[in-house]
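Given these sequences and hints, build the entire structure.
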Amino acid sequence: MSGEISKKSVMKSLYPMVKPYIPAIAAALVLLFGGNILSVGFSSLNNIGNLLSMASITAIAASAQLLVVLVGGESIDLSIGPVMSLTALMLPHLTGGEDGRLIPVILFLLVIGGLIGFTNGAGSQIIRIPPLIMTMIMGTVVNGITFAWTKGLPLLILPKGIRTMSMKVAGPFCGIIFVVVALVLVLEYMLRKIRFGRSLYLIGSNRYSAALAGIPIRRNIIIAYTLAGIIAAMGGIVTMGYLGIGNIKMCENYTMLSVASLAIGGANMQGGRGTVVGSVTGAIVLQLLSSVLVAAGWNQGVRELIQGAVLVLILIAIFAKSARKLQQ
Amino acid sequence: MDKIQAYFKGNKWRELSFLPAMMMMMIFFIINCFITKNFLSLSYILSLFSNNAPLILISLGVAVVILSGGIDIAQGSIITVLNVMFVTLVVDNGMNYKIAAVLIIGAGMLIGITNGIIISVFKVPALLATFSMTFVLNGIAYWVMPTPKGGMPTDLVAWYHGSVLAVPTPIFIIIMAVVLWGIIKKTPMGTWILAFGNSNESAYVSGIPVRFTQIFVYMFAGIMGGAASFAMTSNIGSGDALLAQGMSLQAVSACVIGGLSLNGGKGSLAGAFMGAVFLFLTSTMVYSLKVDIFYQDLIKAVIILLGVIGSVFINRLIAAGKFKKRGAAR
Numbered sequence: 042m043s044g045e046i047s048k049k050s051v052m053k054s055l056y057p058m059v060k061p062y063i064p065a066i067a068a069a070l071v072l073l074f075g076g077n078i079l080s081v082g083f084s085s086l087n088n089i090g091n092l093l094s095m096a097s098i099t100a101i102a103a104s105a106q107l108l109v110v111l112v113g114g115e116s117i118d119l120s121i122g123p124v125m126s127l128t129a130l131m132l133p134h135l136t137g138g139e140d141g142r143l144i145p146v147i148l149f150l151l152v153i154g155g156l157i158g159f160t161n162g163a164g165s166q167i168i169r170i171p172p173l174i175m176t177m178i179m180g181t182v183v184n185g186i187t188f189a190w191t192k193g194l195p196l197l198i199l200p201k202g203i204r205t206m207s208m209k210v211a212g213p214f215c216g217i218i219f220v221v222v223a224l225v226l227v228l229e230y231m232l233r234k235i236r237f238g239r240s241l242y243l244i245g246s247n248r249y250s251a252a253l254a255g256i257p258i259r260r261n262i263i264i265a266y267t268l269a270g271i272i273a274a275m276g277g278i279v280t281m282g283y284l285g286i287g288n289i290k291m292c293e294n295y296t297m298l299s300v301a302s303l304a305i306g307g308a309n310m311q312g313g314r315g316t317v318v319g320s321v322t323g324a325i326v327l328q329l330l331s332s333v334l335v336a337a338g339w340n341q342g343v344r345e346l347i348q349g350a351v352l353v354l355i356l357i358a359i360f361a362k363s364a365r366k367l368q369q
Numbered sequence: 002m003d004k005i006q007a008y009f010k011g012n013k014w015r016e017l018s019f020l021p022a023m024m025m026m027m028i029f030f031i032i033n034c035f036i037t038k039n040f041l042s043l044s045y046i047l048s049l050f051s052n053n054a055p056l057i058l059i060s061l062g063v064a065v066v067i068l069s070g071g072i073d074i075a076q077g078s079i080i081t082v083l084n085v086m087f088v089t090l091v092v093d094n095g096m097n098y099k100i101a102a103v104l105i106i107g108a109g110m111l112i113g114i115t116n117g118i119i120i121s122v123f124k125v126p127a128l129l130a131t132f133s134m135t136f137v138l139n140g141i142a143y144w145v146m147p148t149p150k151g152g153m154p155t156d157l158v159a160w161y162h163g164s165v166l167a168v169p170t171p172i173f174i175i176i177m178a179v180v181l182w183g184i185i186k187k188t189p190m191g192t193w194i195l196a197f198g199n200s201n202e203s204a205y206v207s208g209i210p211v212r213f214t215q216i217f218v219y220m221f222a223g224i225m226g227g228a229a230s231f232a233m234t235s236n237i238g239s240g241d242a243l244l245a246q247g248m249s250l251q252a253v254s255a256c257v258i259g260g261l262s263l264n265g266g267k268g269s270l271a272g273a274f275m276g277a278v279f280l281f282l283t284s285t286m287v288y289s290l291k292v293d294i295f296y297q298d299l300i301k302a303v304i305i306l307l308g309v310i311g312s313v314f315i316n317r318l319i320a321a322g323k324f325k326k327r328g329a330a331r
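As given, the protein sequences belong to chains A and B, one line each in that order.
Per this note's numbering, the first sequence starts with residue 42, numbered consecutively.
Per this note's numbering, the second sequence starts with residue 2, numbered consecutively.
Note that these hints are calculated values from the structure, not bench results.
Worth double-checking, as some hints may not be accurate.
What the hints assert, rightly or not - Each computed DSS-like pair below joins lysine-lysine, with the alpha-carbon atoms no more than 25 Å apart: (1) A:Lys-192 <-> B:Lys-291; (2) A:Lys-290 <-> A:Lys-201; (3) A:Lys-290 <-> A:Lys-192; (4) B:Lys-291 <-> B:Lys-38; (5) A:Lys-362 <-> B:Lys-124; (6) B:Lys-150 <-> B:Lys-99; (7) A:Lys-290 <-> B:Lys-150.
What the hints assert, rightly or not - To list a few chain A residues with every Cβ distance to chain B over 12 Å, as calculated: (8) Val-71; (9) Gly-138; (10) Phe-188.
Since the structure is predicted, the reported quantities are computational estimates derived from the model, not experimental observations.
Every residue, glycine too, gets a C-beta built ideally from N, C-alpha and C.
Below you can see the structure in the form of structure tokens.
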């Protein structure tokens with residue numbers, strides 16, 4: 042008897058935690074079954090491992106985007122894709138395929154990503170260029186650097202160490218998945234338990250009261266942009282390790298995918314609400330959608346069209362609801 | 002002369018938000034005079050305008066959107082998708098290019114109205130709405146035309162490089178766009194747009210048809226996108242699904258450099274025009290400096306970044322009244 046009650050109360054207390062992800066989880070299950078109808082073996086454990094690995098790349102981009110979007114005030118980082126491409130292509134150039142140089146090079150690339158993020162943050166907070174413009178132009182600058190550095194011919198000799206990303210470490214799951222799990226745990230801990238992380242939510246939901254509470258707003262926002270740059274840089278490195286091939290604009294799409302993952306994962310696009318776990322769920326849904334479209338045999342144009350349309354519909358669903366609330 | 006002095010001493014300083022853009026435009030014009038061969042010849046300047054009329058047109062469209070407090074970063078994709086449509090209609094379906102031109106400008110209008118409805122009725126933030134529309138439009142373009150295709154009638158290309166009523170065609174199209182905006186500005190709609198950009202709430206409270214104004218603004222931008230696509234297709238005579246990739250960014254940068262405030266209500270279309278001219282003068286400079294091709298993109302991007310920083314910074318100083326105080330002290 043008492044066991045039943047406690048079960049119920051546990052369910053009740055769990056429900057609000059799970060509630061924001063229900064649409065995403067339902068969509069994922071539907072897509073998984075749909076894919077299995079289109080091509081046999083779609084929902085086999087092996088393929089799920091592959092799907093998760095592909096989704097990991099989007100998940101990293103989405104985590105970076107989340108930190109920036111959380112602080113609100115039209116904050117958005119459109120330079121995530123270019124930063125990922127930059128670090129992905131610089132990795133083989135700088136290491137020259139030697140394992141010994143891998144760690145210093147990774148650290149160096151993370152610093153570069155951090156610097157780009159810092160520039161974004163400083164430009165948008167100190168000079169007060171709107172974040173959209175600042176990060177968009179920064180994206181073209183970063184693409185320019187990539188092109189100038191690689192001379193349009195990416196070198197693709199990778200050190201063996203980084204290729205563990207694409208090796209099946211446990212069962213059907215590649216190394217890249219474990220990197221993402223670690224990242225999610227660290228970020229969730231930061232956002233839930235550490236003062237800096239929690240201040241981001243306050244800044245995003247009400248900047249004025251955050252200022253009254255004595256939170257250094259500009260500084261924290263700049264740190265958020267810097268962290269986003271570092272995570273994006275990490276995303277690029279991991280992507281290169283997983284794919285092993287690449288071209289100049291290999292990660293260009295991940296800017297859009299990161300924004301879409303946040304929207305699907307229940308984050309508020311105007312700041313103040315959103316979790317890393319939700320964004321990762323969004324990334325998985327997007328990857329499933331894309332894979333189902335591939336299984337259906339549609340070309341790249343149609344896939345992009347459908348992904349864009351899905352994003353538009355989700356945005357309409359989210360904002361039409363809040364617009365109705367406002368009117369009442 | 003007295004009038005000019007009074008103009009600069011008075012409050013009008015604050016309204017000249019396009020001054021930084023004008024200064025930068027003139028500086029790069031003078032630099033180009035020295036380093037670009039035949040820069041001051043009529044034919045060179047004409048060719049500059051025929052290549053860059055699309056950029057100027059979408060900058061004007063985006064400027065009107067920004068005046069109303071919104072933003073449109075789908076313009077490059079609108080150009081691309083309409084370019085692909087135009088070429089498909091004329092080359093594959095053998096349609097007369099004049100009818101097809103009217104059709105694509107109408108299609109641009111429809112895309113603009115769609116954007117406007119998503120933004121005004123469903124209250125999706127303009128940035129996210131136009132950002133996601135980018136992918137829808139690019140997807141359609143790539144779907145219809147996976148590989149570039151040429152073969153537009155030579156009449157059209159000749160007409161574009163010729164002249165209408167003794168005015169070179171690209172410049173004629175730009176003048177038409179400016180006249181269109183001039184007419185809109187004189188109607189109540191012009192006031193509505195500025196009022197809505199200044200403050201959404203007060204505009205709503207004072208009985209301005211807010212939704213209609215918003216939809217109208219994006220429709221105007223869509224028409225400009227259609228005109229830009231028409232100009233671009235007539236200039237190059239072919240279709241390509243990767244045609245205008247960076248142009249949305251350039252148009253928005255042109256507006257910011259031109260002193261338009263992204264909060265809406267402040268700035269002028271003259272600023273956007275000068276910003277656009279500044280952008281293509283920098284590209285011209287980078288080309289004629291004969292920089293190694295691998296560094297061109299980087300240098301152009303850095304100049305745009307510096308231009309935006311400079312313009313935003315100077316305009317903040319002007320708005321803070323730093324310059325005015327000095328004048329008043331005398």
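These are the hints, each one checked on the structure:
Distance check on the hinted pair: Lys-192 (chain A) and Lys-291 (chain B) sit about 16 Å apart at the alpha-carbon level, within 25 Å; holds. At roughly 24 Å between alpha-carbon atoms, Lys-290 (chain A) and Lys-201 (chain A) fall within 25 Å of each other, so this suggested pair holds. Simply put, Lys-290 (chain A) and Lys-192 (chain A) have alpha-carbon atoms about 13 Å apart, close enough for the 25 Å limit, and the pair holds. Using a Cα cut-off of 25 Å, the hinted pair Lys-291 (chain B) and Lys-38 (chain B) holds, with the two alpha carbons roughly 12 Å apart.
Pair hint Lys-362 (chain A) plus Lys-124 (chain B) holds up; C-alpha atoms about 9 Å apart against a cutoff of 25 Å. Taken as a hint, the Lys-150 (chain B) and Lys-99 (chain B) pair is honoured in the structure, with Cα atoms around 19 Å apart against an allowance of 25 Å. In summary, the hint linking Lys-290 (chain A) to Lys-150 (chain B) is supported, as the alpha carbons are separated by about 23 Å, within the 25 Å threshold. The beta carbon of Val-71 (chain A) sits about 21 Å from the closest Cβ of chain B, which is more than 12 Å, so the claim that it is off the interface holds.
With 12 Å as the threshold on Cβ separation, the claim that Gly-138 (chain A) sits away from chain B holds: the shortest Cβ distance comes to roughly 23 Å. Distance check on Phe-188 (chain A): its Cβ comes as close as 5 Å (rounded) to a Cβ of chain B, failing to clear the 12 Å threshold; non-interface status is violated.
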